[in-house]
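Below, each chain spelled out in residue letters.
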Amino acid sequence: MKALLICEYREGKLLDSTYELLAFADRLGADKAMVLIGSEAAAPRFDGKVYLADAGKYGEYNPDLHKQIVLEAVARENPDYIVFVHSSYGWDLAPRVAAALRAGQVSEIVGIVDGKFEVTCCNAKMRRSVVPKTARAVLTIQAGAFSFAGEPHGTPQLEQLSLAEAASGVEFVGYEAAEKKDVDLAKAEVIVSAGRGVGKKDNVAVIAALAKALGGELGASRPVVDAGWVEHSHQVGTTGQSVSPKLYVACGISGAIQHLAGMKKSDFVVAINKDKDAPIGEVADVLVVADVMQFVPALTAKCAR
Amino acid sequence: MNILVCIKQVPDMESRFKINSEGVWYDEADLAYRMNEYDEYAVEQAVRLKEQLGGEPVITVLSIGPDRVVEALKKALAMGCDRGVHVRDNHHYRKDPWQMASIIAAYAKDQGFDLIFTGMQSQDRGSAQVGVTVAELLGYACATTLVGFAFDNGVVTAKRELEGGTKGVVKLRLPALVTCQLGLNIPRYPTLPNIMKAKKKEILALPVADLLKEEGLVTTERMYPPAKKGGGIVLEGDVGDLADRLIGILKEKTAVLR
Ligand SMILES: Cc1cc2nc3c(=O)[nH]c(=O)nc-3n(C[C@H](O)[C@H](O)[C@H](O)COP(=O)(O)OP(=O)(O)OC[C@H]3O[C@@H](n4cnc5c(N)ncnc54)[C@H](O)[C@@H]3O)c2cc1C
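Protein chains in written order, with this note's numbering: chain X, 1 to 305; chain A, 1001 to 1258.
Simulated from the structure, these hints should not be mistaken for laboratory data. One or more hints might be untrue.
[Stated by the list, open to error] One side only, chain A facing chain X, incomplete, derived with CB under 7 Å: (1) Phe1017; (2) Gly1126; (3) Ala1141; (4) Gly1164; (5) Val1169; (6) Leu1172; (7) Leu1182; (8) Gly1183; (9) Pro1225; (10) Ile1233; (11) Val1234; (12) Val1239; (13) Gly1240; (14) Ile1249.
Every value quoted in this text rests on a predicted model; they were computed, and no experiment measured them. For each residue, glycine too, the CB sits at the ideal point set by N, CA and C.
Extracted from the complex, chain X is given alone in its bound form (with noise of 0.2 Å):
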């Protein structure tokens, strides 16, 4: 069996989730090959073949060019399954990899289990057991979910790849850099964040004043930052920050996993929601089940004494 990486590039160099890509081959059992459009200097530090494709002239984000080269890669390499992280880059390009070669794609793998692949869906409330149907299949992983053990190591063996015509419908402008942090998360030890389950923006206050009596931060999920409720530099997840801290907790948070990505590694985690089902209550140490504008406030009271 063999697996062909797609390696992810940003802004001149290699995303550290490409390592992922190794670790998900090896549960599989699979050969691997990687594929980087990107530069020589940020090659992987992998001992295999990697076929390179210059993004000075494919461009780091031109989906219509990436799906010639990494079409050309497979062409060369024949591999079983082309993987793909499940990232913004990812979930982009693989569909159009998986519709050009006809294959099935299995996306936001979480787990392998008797070889079949385990996907999260509703919410992250149920899984799904999913197998493809065709010969070669386009798998996307999600980020965080299989994690690369040591230090990347070993020297690639780059095997040059170009496109004898480039035309392309999409054109890639620039970046905008994310807004300025006002607050690092990432070192906070403490931190109470405010989940749409709070209900409106005058209730962030509630939730605020418990990280402060717990002498932490304020973090946010992504519908709350959307909302303007919050500040951007606040939100936990794929999209925003990663954290770990000694203590999280989520207040009506509903636990979708775009927002456990980036709270996973906290020490301890502890969930306020009136849904004894949520998901978040998975990762939980301690859930408790209760309206988080009459629970909040009691729990303030009691540590601020």
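Fit chain A with the ligand to the supplied structure of chain X, relying on the hints for placement.
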């Protein structure tokens, strides 16, 4: 300009899910349904574009599923879409993303849509494949996970959300398909007059068999709740009492409270 929006109807994610008799999906009975959240951003963006262009574009909204999905179509019509297409399919959950995309592409093929809006993924299946695959099948330019959209002089400028809050800006030539995300806009609530107006709008019903010619490329063998991690304590009861019990646990198990 001719616009298509693809929407899905999904259960409220706060529901308690039971597995269906086939063991491959949830039991669809007794659930409250709504429009997939990501698709609401798609509908809203299409309607805003129509408004920007002085009401000239015609927006078709399409949904695949059993009769209940007509409710989601009606909501989209009340938000400002012009006509609905209901692809009737009681076995929609047995189809994989490739088949779903094939159905949409088969419908869209001869309609000359300039722009297609979809959600980036559904809240229940979450494959994030359908939109992009439709674009590939139709040969449209495509960008995913939009948190910004602008249209000027026939060119779409799309802002994609990347990891860590960084955004990537791309330009797309028409015809194009974009998949929409939280943060793109704030979907409007249909007003009563618009709900009334929507009742007069046409909803075309098509049997799925007319459009689907493809076999699935993946199968779901089983659906199941995640294994309980165990060890987690669940506290229930009176709020004041809960706070005392939680403080006791925090004192015992963490160094945060003394
Ligand atoms: C590409 C992508 C990137 C994303 N990045 C992120 C990210 O970085 N961070 C992030 O958080 N999300 C991210 N998301 C969004 C993620 O999928 C979820 O939509 C989001 O995490 C849900 O936030 P939530 O838990 O606050 O809200 P919901 O899922 O709506 O959950 C609200 C919870 O509050 C509970 N509740 C409601 N009322 C009360 C009450 N009165 N008392 C107690 N509990 C109550 C409910 O039971 C429910 O469990 C991303 C999504 C995508 C597709």
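Outcome of the hint check:
Proximity of Phe1017/A to chain X holds as hinted, the smallest CB-CB distance being about 6 Å (cut-off 7 Å). Nearest Cβ of chain X to the Cβ of Gly1126/A: about 6 Å, under the 7 Å cut. The hint holds. Interface hint at Ala1141/A: satisfied, since its Cβ lies 3 Å from the closest Cβ of chain X, which is below the 7 Å cut-off. Because the closest C-beta pair between Gly1164/A and chain X is about 6 Å apart, less than 7 Å, the hint holds.
Proximity of Val1169/A to chain X holds as hinted, the smallest CB-CB distance being about 4 Å (cut-off 7 Å). Annotation: Leu1172/A was flagged as interfacial toward chain X, and the flag holds, the nearest CB pair being 6 Å apart, inside 7 Å. Hint status for Leu1182/A relative to chain X: holds, with the closest Cβ pair at about 5 Å, below 7 Å. For Gly1183/A, the shortest C-beta to C-beta distance to chain X is roughly 4 Å, which falls under 7 Å, so the interface hint holds.
For Pro1225/A, the interface hint holds, since its Cβ comes within 7 Å of a Cβ in chain X; the closest pair sits about 6 Å apart. Checking Ile1233/A against chain X: minimum C-beta separation of about 5 Å stays under 7 Å; hint holds. Hint status for Val1234/A: holds, given a least beta-carbon distance of 5 Å to chain X, under 7 Å. Residue-level restraint check for Val1239/A holds (minimum Cβ-Cβ distance to chain X is 5 Å; threshold 7 Å).
Checking Gly1240/A against chain X: minimum C-beta separation of about 6 Å stays under 7 Å; hint holds. The beta carbon of Ile1249/A comes within 6 Å of a beta carbon in chain X, closer than 7 Å, and the hint placing it at the interface holds.
Violated hints are absent here; each numbered hint is respected by the structure.
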